[in-house]
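Note that the working numbering has the sequence shown beginning at 195, numbered continuously upward.
Check each hint, because a few of them may be wrong.
[Unchecked claim] Label-pair restraints from in silico Cβ distances: (1) Gly-305 <-> Pro-222: 10 to 20 Å; (2) Ala-251 <-> Gly-294: 32 to 42 Å; (3) Glu-217 <-> His-276: 12 to 22 Å; (4) Ile-303 <-> Arg-219: 11 to 21 Å; (5) Asp-246 <-> Arg-214: 11 to 21 Å.
In case anyone wonders, no lab produced these hints; they're calculated from the structure.
The beta-carbon is built from N, C-alpha and C at its ideal position, and this holds for glycine as well.
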Amino acid sequence: MSTPEFPTLDRGWDRPAEFRLAEERVRPDGRLLAVYGELDIATVPELRQRLDAAVDASVKRLVLDLSGVAFMDSVAIAAILHTRTRLGDSGRILVVVREGSYTRLVFEIAGLPRCLELFESRAEAVAA
195 MSTPEFPTLD RGWDRPAEFR LAEERVRPDG RLLAVYGELD IATVPELRQR
245 LDAAVDASVK RLVLDLSGVA FMDSVAIAAI LHTRTRLGDS GRILVVVREG
295 SYTRLVFEIA GLPRCLELFE SRAEAVAA
């Protein structure tokens with residue numbers, strides 16, 4: 195059975211959900227980037243390119259919705275932290291990771307709630 199939190203359950207472990215990114219403007223100085231599928235060494239370069247483009251475009255608020263991510267590795271974490279560093283003190287990265295999800299577990303194990311703003315929903319992150 196497929197659910198929003200676990201999109202690959204009906205596909206099997208050997209057939210992950212297709213990786214894709216969706217982007218939209220949020221407020222004049224913000225951007226929302228939603229990620230679906232798996233974030234690993236094969237897909238992170240595209241994510242990194244979009245994150246860098248947002249920072250290069252002087253985005254000050256970046257909402258990164260990872261609620262559609264079924265798997266992520268350390269390369270993805272490094273890309274997110276690199277973006278946080280590039281935003282500097284004048285920018286914010288707001289990350290959507292659902293409680294109880296695999297992605298949330300990865301964030302907690304890595305200690306990321308101490309340095310990133312985490313939200314349960316896209317609406318909460320956009321409103322923050």
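Each hint tested on the structure:
1. Checked against the hint of 10 to 20 Å, the C-beta distance between Gly-305 and Pro-222 comes to roughly 33 Å, which is inconsistent with it.
2. Between Ala-251 and Gly-294 the beta carbons are some 34 Å apart, a value that agrees with the proposed interval 32 to 42 Å.
3. At about 18 Å, the beta-carbon gap between Glu-217 and His-276 stays in the expected band of 12 to 22 Å.
4. About 33 Å separates the C-beta atoms of Ile-303 and Arg-219, a value inconsistent with the hinted range of 11 to 21 Å.
5. In this structure the hint that Asp-246 and Arg-214 lie 11 to 21 Å apart at CB holds, the actual value being about 18 Å.
Checked against the numbered hints given earlier, the structure breaks hints 1 and 4 and satisfies all the rest.
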